[in-house]
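*Asks:* So the protein lines, in turn, are chains A and B. My numbering puts the first residue of the first sequence at 1, with every later residue one more than the last. My numbering puts the first residue of the second sequence at 1, with every later residue one more than the last.
These aren't lab readings, by the way, just hints derived from the structure by calculation. Hints should not be assumed to be uniformly reliable.
[What the hints assert, rightly or not] Away from chain A, derived, C-beta distances all over 12 Å, residues of chain B: (1) Phe77; (2) Ser112; (3) Leu115; (4) Glu169.
[As the list claims (entries may be wrong)] Here are the simulated DSSO-like pairs of lysine-lysine, each with C-alpha atoms no more than 27 Å apart in a straight line: (5) A:Lys163 x A:Lys55; (6) A:Lys55 x B:Lys17; (7) A:Lys17 x A:Lys63; (8) A:Lys163 x A:Lys63; (9) B:Lys163 x B:Lys17; (10) A:Lys63 x B:Lys63; (11) B:Lys55 x B:Lys163; (12) A:Lys55 x B:Lys233; (13) B:Lys233 x B:Lys163; (14) A:Lys63 x B:Lys55.
The beta carbon of each residue, even a glycine, is placed where N, CA and C say it ideally should be.
There are 2 protein chains.
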Amino acid sequence: METSDTPEKAPTAIASKSWEEAAADPQYRAAVVDLLGVLAYGELAAFERLAEDAKLAPNLADKAELVAMASAEFQHFDALSRRLTHIDEDPTRAMEPFVASLDEFHRQTAPSDWLEGLIKAYVGDSIASDFYREVAVRLDADSSRLVLDVLDDTGHSNFVVEKVRAAIEADPRVGGRLALWARRLMGEALSQAQRVVADRDALSTMLVGGVADGFDLAEVGRMFSRITEAHTKRMAALGLAA
Amino acid sequence: METSDTPEKAPTAIASKSWEEAAADPQYRAAVVDLLGVLAYGELAAFERLAEDAKLAPNLADKAELVAMASAEFQHFDALSRRLTHIDEDPTRAMEPFVASLDEFHRQTAPSDWLEGLIKAYVGDSIASDFYREVAVRLDADSSRLVLDVLDDTGHSNFVVEKVRAAIEADPRVGGRLALWARRLMGEALSQAQRVVADRDALSTMLVGGVADGFDLAEVGRMFSRITEAHTKRMAALGLAA
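Working from the sequences, and respecting the hints, build out all of it.
*Replies:* Written out as structure tokens, the structure reads:
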């Protein structure tokens, strides 16, 4: 399973193309617009949840940390949204198809306390990073650079690791509860992701590196497996048996 | 009343001093720490309210605008907070004395719909700008630069003017309701500001340019008058008789 940590190489030389060259293919263009749309709404929704969850903070310093994460998500949203405008797409229209899935994810996973909120922030940030990295290798040079730039800006979640470890040390039973919670988060994320994959053909085809009509569902499954494995390792490192 | 629009000149040559020189006076130092603390918590609380009020947005584009304002408030918070750390003060401790007043202000003025939220964002942003400008002239060169830098970054609220004008055009009765609301916002803001002034001697003394024991309450009143007048003019320009 060692090699499954690495995103698969893209089968085409897409990475050497500029956006203008690559977007001449309307299916590719549609896929990237979908991708930027789902990422943009993902960041906007994450902003809202983090801003909301910051209310659960036990003190001002912790609140400021979560608010800093929220603000970083907004910066990501802003970069993605400006990119959509730059390629003559309406950001709102690009985001619309993904609103229901992402809102549903957040509705299903509203944290009931501060620690659950921290875990969610950490898990969300990490899964997003993994997904950005997976997808960057399948994109033209310009889109890839944007996605990696946005990704590069994360890392705000390091403070979560400290806080969660301290909480488990203080009360080991907390670990069991949070491990369940982390599993539930991943389950809901996968379930909504599968819904998006089923709905959006062009996006899904691109994600698996396909160019023909239809796509390889097994390859989507393998991408989800890699992300799940990375999640499991992170949770173990955090002291949570996932 | 013409001249009352301009902040009064500071009576001392404080503006020509660096922070190190000025902060040798412990009362001045305490006043600036208070000031940075109240501004920082003001920005943090504004972030939270804007993020919350963004939920009332009728569409994604409007939501993104309010979220952009929230994110700007966070950047201000961050700059003020880093400044406090830089001068060896704990940002949390500096903010604590102002939490109750600012939270109470926001509790008393939770918008009941999107337009009320917009007006509040606009009024809040504008009053904050006025206050920053008033206070900048009373500060040492380094603190003044910081305050003006933070101020310079605003201006996100221009989109509010359009939206509110359009709403009043569509239904003139909206104007009456929003005018009342704007008046209430200003009333609550003044009432909480007076509470802060009464509680924090060093800060109040600095605000009125005093250096002795005690301060001139009438001069604080004049500062509040200037800010209220500017507010009234803005509301009139918006089509709201304040």
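*Asks:* Does each hint fit the structure? Answer for all of them.
*Replies:* Checked hints:
1. Phe77: Answer for B:Phe77: violated, closest chain A Cβ roughly 7 Å.
2. Ser112: Consistent with the label, B:Ser112 stays out of reach of chain A, its closest Cβ about 19 Å off (over 12 Å).
3. Leu115: Since the minimum Cβ distance to chain A is about 20 Å, B:Leu115 lies beyond 12 Å and the statement holds.
4. Glu169: holds, 23 Å
5. A:Lys163 x A:Lys55: At roughly 16 Å apart (the allowed maximum being 27 Å), A:Lys55 and A:Lys163 satisfy the hint.
6. A:Lys55 x B:Lys17: violated, 40 Å
7. A:Lys17 x A:Lys63: With Cα atoms ~43 Å apart, A:Lys17 and A:Lys63 exceed 27 Å; violated.
8. A:Lys163 x A:Lys63: Satisfied, since the Cα-Cα distance of roughly 13 Å is no more than 27 Å.
9. B:Lys163 x B:Lys17: violated, 44 Å
10. A:Lys63 x B:Lys63: holds, 22 Å
11. B:Lys55 x B:Lys163: holds, 16 Å
12. A:Lys55 x B:Lys233: Violated, at about 35 Å.
13. B:Lys233 x B:Lys163: With a Cα-Cα distance of about 18 Å, the restraint between B:Lys233 and B:Lys163 holds, given a limit of 27 Å.
14. A:Lys63 x B:Lys55: holds, 20 Å
Violated hints for the displayed structure, listed by number in ascending order: 1, 6, 7, 9, 12.
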